[in-house]
Amino acid sequence: MPLNREFVGREYTAAETYEVSRELIRRFADAVGDPNPAYRDPLAAQAYGHPDVVAPPTFLTVLTFRYFAESPVIDPALGLDYARVVHGEQRFVLHRPVYAGDVLRITSSVSDIRSAGRNELMTTRTEVTTTAGDPVAELYATLVSRGTAEGGA
Amino acid sequence: MATTLAYAAVDVGTPLPAGRFPLHRATLVMYAGASGDFNVIHWNERIAKAVGLPDVIAHGMLTMAVAGRVVTDWVGDPGAVVEYGVRFVRPVVVPDDDQGAVLEVAAEVVEKLDDGIVVVELTATVGGDKVLGQARAKVRLA
Chain A
1 MPLNREFVGR
11 EYTAAETYEV
21 SRELIRRFAD
31 AVGDPNPAYR
41 DPLAAQAYGH
51 PDVVAPPTFL
61 TVLTFRYFAE
71 SPVIDPALGL
81 DYARVVHGEQ
91 RFVLHRPVYA
101 GDVLRITSSV
111 SDIRSAGRNE
121 LMTTRTEVTT
131 TAGDPVAELY
141 ATLVSRGTAE
151 GGA
Chain B
1 MATTLAYAAV
11 DVGTPLPAGR
21 FPLHRATLVM
31 YAGASGDFNV
41 IHWNERIAKA
51 VGLPDVIAHG
61 MLTMAVAGRV
71 VTDWVGDPGA
81 VVEYGVRFVR
91 PVVVPDDDQG
101 AVLEVAAEVV
111 EKLDDGIVVV
121 ELTATVGGDK
131 VLGQARAKVR
141 LA
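One line per chain: the protein sequences are A and B, in this order. Reminder that position 83 of the first sequence reads as 83 in my numbering, one-by-one numbering, no gaps. Reminder that position 137 of the second sequence reads as 137 in my numbering, one-by-one numbering, no gaps.
Only chain B is shown next, with the shape it has when bound in the complex (with noise of 0.2 Å):
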């Protein structure tokens, strides 16, 4: 039942295993079909440059939701998390090109509550930018 990673085993300060991903204006297209968000500033470069942003931008969501893989690489079962929540502090600028921008993410324990659940911290950067503030998953363990 759920996941086999044990609530016991894990402490504050417990890093998670990072992940690097990359984002490319193909991976904006495929999220807004998925997603059904078609706002232009996701796929449309004079649009985004006229409403006064750099460039065409992920989705907070995209980020959001890549970011979050982290947590459930870890657990194995993406039904353990309980809880997920970011700000989100700075565009992802995805350029027309074929390196697009690299998420970088990091994560570690900051808490454990009752009821077996832990809560983790994510720090997501791209170029060195924090992308994503107070980034944190309630995650319900073994």
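Okay, chain A solo, but in the shape it has when bound (with noise of 0.2 Å):
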């Protein structure tokens, strides 16, 4: 079941804040095995001439997940089989490091969405910025939605 291309261009801003803070940061370095003291002890982070500790490159990844359930890729009314997605790409543009104490906001957007043989490609942006609307990131994703492209499933 191909998804549906009115979803192009869709833009949703998450209704709540997120506030980054060191213990979140220390999980995420813990569960990818990442030692790094500047996830951990803010003076480490400090001596780096940071104000407190610093997240992984990849850390705000957490943000798309925690507002999953209210953005456009969960809606039915796009087709997307979850089960049925593979990452195909990523990209992160960091304009500045996400430190403990953060508050941000995103607005995430539908690039795209295109036939790839029997799959689809779904791109997304999603833009970070603190709550004064300061930008602190880009992420740019494409989703593979495997085998529901017209005649792939």
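Worth flagging that the hints you see were computed from the coordinates, not collected in a lab. All values reported here derive from a predicted model rather than from experimental measurement. C-beta: ideal position from N, C-alpha, C; glycine also. Please note that the accuracy of each hint is not assured.
As the list claims (entries may be wrong) - Covered by chain A, per the in silico footprint, the following chain B stretches (three or more residues, Cβ under 8 Å):
hint: 1; segment: 24-32
hint: 2; segment: 52-65
hint: 3; segment: 73-79
hint: 4; segment: 87-97
Claimed, not checked - Simulated restraints on C-beta separations:
hint: 5; chain 1: B; residue 1: 17; chain 2: A; residue 2: 95; range: 25 to 31 Å
hint: 6; chain 1: B; residue 1: 11; chain 2: A; residue 2: 112; range: 36 to 42 Å
hint: 7; chain 1: B; residue 1: 13; chain 2: A; residue 2: 37; range: 41 to 47 Å
hint: 8; chain 1: B; residue 1: 11; chain 2: A; residue 2: 13; range: 29 to 35 Å
hint: 9; chain 1: A; residue 1: 69; chain 2: B; residue 2: 110; range: 21 to 27 Å
hint: 10; chain 1: A; residue 1: 74; chain 2: B; residue 2: 108; range: 35 to 41 Å
hint: 11; chain 1: B; residue 1: 51; chain 2: A; residue 2: 68; range: 40 to 46 Å
hint: 12; chain 1: A; residue 1: 150; chain 2: B; residue 2: 4; range: 51 to 57 Å
hint: 13; chain 1: B; residue 1: 97; chain 2: A; residue 2: 132; range: 45 to 51 Å
hint: 14; chain 1: B; residue 1: 52; chain 2: A; residue 2: 15; range: 35 to 41 Å
Work from the hints to combine the two standalone chains into their complex.
Structure, rendered in structure tokens:
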């Protein structure tokens, strides 16, 4: 069942802000097995010139899933079967590091949906800012919906 | 301030210390919890196989994060990474055994840009097969 192309261009801003904490950063670093002290020890992070512990470069993926339930990706009208989804591409553009204590807001949009053989590719763009609107990062993702192209399943 | 690794000390072709990182089923469970990505294909063998995968696979984002360690271990300061992008070219199958899957990561500087930024290209393989494509990070050096 092909994805609903009407979702291209749809934009969504999370209603609630996301507060980054030292413990969330530590838990993410533990999960990826990264012992870097700048993720855990404020003094180690400050030695690099940061105000508090710094988040790993891919940490902001957590925000994508925090707001997953309210994002267009999960809207039944899009027709995405999440068990058929694999990640195709991901890119982070970090305007500045993310720190414990940051309060962030995200806006996501579906940039494109197209067929590629038996699969469909959906690209999304997520903008992360502070509550004051200062840019923090941009996330670009391509999700592969396996076997859902017209005549693909 | 920031990393102490000097832009001037790095050339195109400078290799980064390589890394070897085992991924186990337990790693996937921890990553699911920490990231909030509970897609069943990362923990449920029955459903993974039902949708045509060989077995449970690692989150692409886990592979990306672990591979990125080669860059952040090199610079010391993780805040020096200003851009990081990859293509997931092959799923990382994580068997239900004690060995798991072993991610091997090599990297080298491929370009020097302005503003003290260098481009690092990563090569990530499991069992000799490439799992990431066009894996590149931009890093701001001192």
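Taking 45 to 51 Å as the stated bounds, is the beta-carbon spacing between residue 97 of chain B and residue 132 of chain A within them?
For residue 132 of chain A against residue 97 of chain B, whose Cβ atoms are near 50 Å apart, the range 45 to 51 Å holds.
Status of the given 29 to 35 Å range, CB of residue 13 of chain A versus CB of residue 11 of chain B
violated (44 Å)
Kindly confirm whether 25 to 31 Å is satisfied by the beta carbon distance between residue 17 of chain B and residue 95 of chain A.
holds (28 Å)
Okay, residue 52 of chain B versus residue 15 of chain A on CB: inside 35 to 41 Å?
holds (36 Å)
Quick check: the segment 24-32 of chain B, covered by chain A? Criterion 3+ residues, Cβ under 8 Å.
Satisfied; 3 residues make the cut.
For the segment 87-97 of chain B, does the count of residues with a C-beta closer than 8 Å to a C-beta of chain A reach 3?
This one holds; 3 residues, not fewer than the three required, reach chain A with a Cβ under 8 Å.
Cβ distance range 51 to 57 Å for residue 150 of chain A and residue 4 of chain B, holds or violated:
With Cβ atoms ~55 Å apart, the hint holds.
Can the suggested window of 40 to 46 Å be confirmed for the beta-carbon pair residue 51 of chain B and residue 68 of chain A?
violated (19 Å)
Range agreement (Cβ of residue 110 of chain B with Cβ of residue 69 of chain A, hint 21 to 27 Å):
violated (40 Å)
For the hint 36 to 42 Å, verify it against the beta carbon of residue 11 of chain B and that of residue 112 of chain A.
holds (38 Å)
Can you tell me if the segment 52-65 of chain B counts as covered by chain A, using C-beta to C-beta distances under 8 Å and a minimum of three residues?
holds (count 8)
Can the segment 73-79 of chain B be counted as covered by chain A under the rule of three residues or more with Cβ-Cβ separation shorter than 8 Å?
Since 5 is at least three, the answer is holds.
The structure fails to meet hints 7, 8, 9, 11 from the earlier list, while all remaining hints are met.
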